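Engineer: From just these sequences and the hints, can you work out the full model?
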Amino acid sequence: MGKPLLQKLNVIIIVIVIALVLIQVPRAYTAEATKPEKALTFLTDVVGLNLASYNAKLVGVMENGPFNSTVVKYTLESNESKLDVLYLSTGNVYVWCKLTPLKGAPLFAQPATTTIDGAKSILERYQTYAGASYLQEMRNSLDTMSVLEPKTTTMGDIRLETSILEGGKESIQWMNAVNGITNTYDIVALTLRNGTFEQFCDSWNLYKIGAADVKVDQEEAIRIAKENAYIRSGPNGDVKFTNFTIVDLSVRAELKMQPRTDGMLYPNWLVLFGLDKVYFNQVTGIQVSIWGDNGEVGYVGNLGGYGAAPSDQIPAAPSPTEQSQPQLPSSEPSAPTENNNPPTTTYIIAAATASITLAAATTAVILKKRKK
Amino acid sequence: MVKTRMAICALLLLFSFVVSLLAVAPVQATYGWDWGFGHASEIHVSDGGYLPNDYELAYVQWACNDIFYYAFAPKTYYIWDEEYGYWEAGPAYGHLWNYMEGYRSQTTVGNVLNGVYDSEVNHDESTFLYIGHMGYQYMYGSQHYGFVQHGYNISTTELPIIWDMAIYPYTYGIDGHHFVFLWVCRNGDELGHANTWPNPPNPPNGMPYCWTQDLISSTDGFASPDYSSYCLISFEQASPMLCSWMGTGQPDENLYKHWLCFFYYFALYDDAYGGSMYTVNDALDLASMYTDFPYGFSQSILYQGNNTYWPGGDGQNPGWYWSRMRVYGDGTSHLPGNIFEGGP
Chain A
1 MGKPLLQKLN
11 VIIIVIVIAL
21 VLIQVPRAYT
31 AEATKPEKAL
41 TFLTDVVGLN
51 LASYNAKLVG
61 VMENGPFNST
71 VVKYTLESNE
81 SKLDVLYLST
91 GNVYVWCKLT
101 PLKGAPLFAQ
111 PATTTIDGAK
121 SILERYQTYA
131 GASYLQEMRN
141 SLDTMSVLEP
151 KTTTMGDIRL
161 ETSILEGGKE
171 SIQWMNAVNG
181 ITNTYDIVAL
191 TLRNGTFEQF
201 CDSWNLYKIG
211 AADVKVDQEE
221 AIRIAKENAY
231 IRSGPNGDVK
241 FTNFTIVDLS
251 VRAELKMQPR
261 TDGMLYPNWL
271 VLFGLDKVYF
281 NQVTGIQVSI
291 WGDNGEVGYV
301 GNLGGYGAAP
311 SDQIPAAPSP
321 TEQSQPQLPS
331 SEPSAPTENN
341 NPPTTTYIIA
351 AATASITLAA
361 ATTAVILKKR
371 KK
Chain S
1001 MVKTRMAICA
1011 LLLLFSFVVS
1021 LLAVAPVQAT
1031 YGWDWGFGHA
1041 SEIHVSDGGY
1051 LPNDYELAYV
1061 QWACNDIFYY
1071 AFAPKTYYIW
1081 DEEYGYWEAG
1091 PAYGHLWNYM
1101 EGYRSQTTVG
1111 NVLNGVYDSE
1121 VNHDESTFLY
1131 IGHMGYQYMY
1141 GSQHYGFVQH
1151 GYNISTTELP
1161 IIWDMAIYPY
1171 TYGIDGHHFV
1181 FLWVCRNGDE
1191 LGHANTWPNP
1201 PNPPNGMPYC
1211 WTQDLISSTD
1221 GFASPDYSSY
1231 CLISFEQASP
1241 MLCSWMGTGQ
1251 PDENLYKHWL
1261 CFFYYFALYD
1271 DAYGGSMYTV
1281 NDALDLASMY
1291 TDFPYGFSQS
1301 ILYQGNNTYW
1311 PGGDGQNPGW
1321 YWSRMRVYGD
1331 GTSHLPGNIF
1341 EGGP
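Chains A and S supply the protein sequences, listed in that same order.
Residues 1 to 372 (our numbering) are what the first sequence spells out, left to right.
Residues 1001 to 1344 (our numbering) are what the second sequence spells out, left to right.
What the hints contain is simulated information worked out from the structure, not anything from laboratory work.
Every value quoted in this text rests on a predicted model; they were computed, and no experiment measured them.
Note that beta-carbon positions come from the ideal geometry of N, C-alpha and C, so glycine has one too.
Any given hint might turn out to be false.
Unchecked claim - Counterexamples of contact, computed for chain S against chain A with all Cβ distances above 10 Å:
hint	residue
1	I1079
2	E1083
3	G1085
4	W1087
5	E1088
6	D1124
7	E1125
8	Q1143
9	D1175
10	E1190
11	H1193
12	L1215
13	G1305
14	P1344
Unchecked claim - Chain S residues, not near chain A, derived (Cβ > 10 Å throughout):
hint	residue
15	Y1070
16	Y1084
17	Y1086
18	A1089
19	L1191
20	D1214
What the hints assert, rightly or not - So the derived label-pair ranges between C-beta atoms look like this:
hint	chain 1	residue 1	chain 2	residue 2	range
21	A	A33	S	Q1304	44 to 52 Å
22	S	Y1227	A	P235	37 to 45 Å
23	A	N55	S	E1083	34 to 42 Å
24	S	G1319	A	K151	24 to 32 Å
25	A	N68	S	Y1138	49 to 57 Å
26	A	I164	S	Y1069	41 to 49 Å
27	A	I164	S	G1319	25 to 33 Å
28	S	S1224	A	G91	30 to 38 Å
29	A	E219	S	S1224	41 to 49 Å
30	S	Y1069	A	G91	42 to 50 Å
31	S	Y1070	A	T113	43 to 51 Å
32	S	S1224	A	E77	16 to 24 Å
33	A	N55	S	I1079	26 to 34 Å
Structural biologist: Below, the structure written as structure tokens:
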């Protein structure tokens, strides 16, 4: 091989090497994808939407969303389909996405044949997307199903709930129910409509488990709650009214995991009491939460609703002629009446300003006289 | 001597300030405006009939103020001035009233019905929020639903309850109220209907029907919206007190009051183009997530239902009664936000 040929070959090899390196660069070193780009990636890679068929319009991006997520909203439109997409993500502990069809059916790259197949595909794609190991057990749990029917299954600490909802909807939810305690925070959940994606949420690692040993049983929790129950009254709720009667047959207690101030989950009894009558015009019950791991009182609050008002007088029914001719104000636009009654704060500021001015003037006069 | 005089002056100052506060504290106030253009919104409360206790009333007032000041009031009407080449701005909600700004509500039958009619006739799109007690009575051949006015100015000639059939003639043929939220017991029990044969002279019933006539058809506008652009939210059976804990997260952060304020905040959140970014359903989801239901509204205590205790009376036995929030009509609709007119 001649020297010139060798030199040419070296140049070609160097060019090829540089080209290969450059091809790899975008994956490794380009700026991180923006939040809206990540949303589109999720729609393609996990939801399985055929984005090539849609014109995607970014409606808005909101930072500091729920659980410190970023909220992204798109409207996707094609000739035969239009849908809203709401996508929330913190990047690692919380992902939520929902499709709302506005016209036609959503266009998927590969439409699922059954609900179970659809769910399996979505979970498989999400596991590839997120790389989360905890998803494997959830995927396995679907392998034993051929048809989705309403039931609850427990696999160790994982509780699987499947349900059929109205309007052709079906839902699947995996819950991190440590020691069998209901945990509404750490879940992976999926809703499908007619076998296709509608909503997804992964909040499996939203909260860490602080403790899951229940040292206070239901009976003890109710006893502690009764001892500590009071009705909150006064504008600030700082009046603790205790002269009431609890209806014993009404007492209910439910154990759930709840977050404490350290940001971790602990077992918590929510005890509800019904009262013998309506107190303070509205209060018909009391809610008390007791921590199941140490028996401490977490919260005491009022229960009640906006019940019936006395209605001993039957009003005259409006006649059909009255219905079309209401006796009402003129249809002319009313004159601007901004702040007809100035708010209390306006009065306070005005009065305070006047008082301060008066007092300052008095002080000035006194000091001036003293100097003379 | 100097120190004594200074002390007297300081005390005089403090005393006058305190007296001035005491003198003005009981002033009740309705706050708002009506410029006769743009959108319309009214916030009403009954602190009468059965009086909410002081604790609940404080939360209701807090919620009304937050919704008024942080959700509706900032929405802006922009008009492009061709001559000078700039945007002139005013309130997008040209009709905006908060009848619970001050110490006590100013919600009366007259104020409600006049406001409904004015909103319908003089404004583009209207919304309405009411928090308070219900009216519930079988009459004129069907079940009727209503909400009460505040309890301090009930005269012998003025009925204290605003019934569904009383709303109907004021919205008839206009249909300007696209979003109505009634935080009231039982006003979400049913869709309602016109009373045709065998009761042709009798009035229609049901809040969803009476606010919009036959425009709303879905009884679950969250899961199955009817795309009508009209939506009414209320409660089947009991509506909870705003001061009660929703049972998730930190109790003092997740009261029904917080959920309600979050809902309006998100329903009127600006998108990238100045309109409202979120639909009613989006706002329901986001408000629920913010009160620690990670899956959204469908997981929340409001949509799934809850039990409220009733100690007996008014024809009902003591016991726990199941209740839930109902969304009628179109959950994909938006509350109107900023308005842009003209432009370069």
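Engineer: State for each hint whether it applies.
Structural biologist: Status of each hint after checking the structure:
no. : hint                          : in the structure
1   : I1079                         : holds (16 Å)
2   : E1083                         : holds (23 Å)
3   : G1085                         : holds (26 Å)
4   : W1087                         : holds (20 Å)
5   : E1088                         : holds (15 Å)
6   : D1124                         : holds (13 Å)
7   : E1125                         : holds (16 Å)
8   : Q1143                         : holds (12 Å)
9   : D1175                         : holds (14 Å)
10  : E1190                         : holds (17 Å)
11  : H1193                         : holds (15 Å)
12  : L1215                         : holds (16 Å)
13  : G1305                         : holds (13 Å)
14  : P1344                         : holds (22 Å)
15  : Y1070                         : holds (15 Å)
16  : Y1084                         : holds (23 Å)
17  : Y1086                         : holds (22 Å)
18  : A1089                         : holds (15 Å)
19  : L1191                         : holds (15 Å)
20  : D1214                         : holds (14 Å)
21  : A:A33 to S:Q1304: 44 to 52 Å  : violated (36 Å)
22  : S:Y1227 to A:P235: 37 to 45 Å : holds (44 Å)
23  : A:N55 to S:E1083: 34 to 42 Å  : holds (37 Å)
24  : S:G1319 to A:K151: 24 to 32 Å : holds (29 Å)
25  : A:N68 to S:Y1138: 49 to 57 Å  : holds (50 Å)
26  : A:I164 to S:Y1069: 41 to 49 Å : holds (43 Å)
27  : A:I164 to S:G1319: 25 to 33 Å : holds (29 Å)
28  : S:S1224 to A:G91: 30 to 38 Å  : holds (33 Å)
29  : A:E219 to S:S1224: 41 to 49 Å : holds (44 Å)
30  : S:Y1069 to A:G91: 42 to 50 Å  : violated (33 Å)
31  : S:Y1070 to A:T113: 43 to 51 Å : holds (48 Å)
32  : S:S1224 to A:E77: 16 to 24 Å  : holds (21 Å)
33  : A:N55 to S:I1079: 26 to 34 Å  : holds (31 Å)
Of the numbered hints listed earlier, those contradicted by the structure are 21 and 30.
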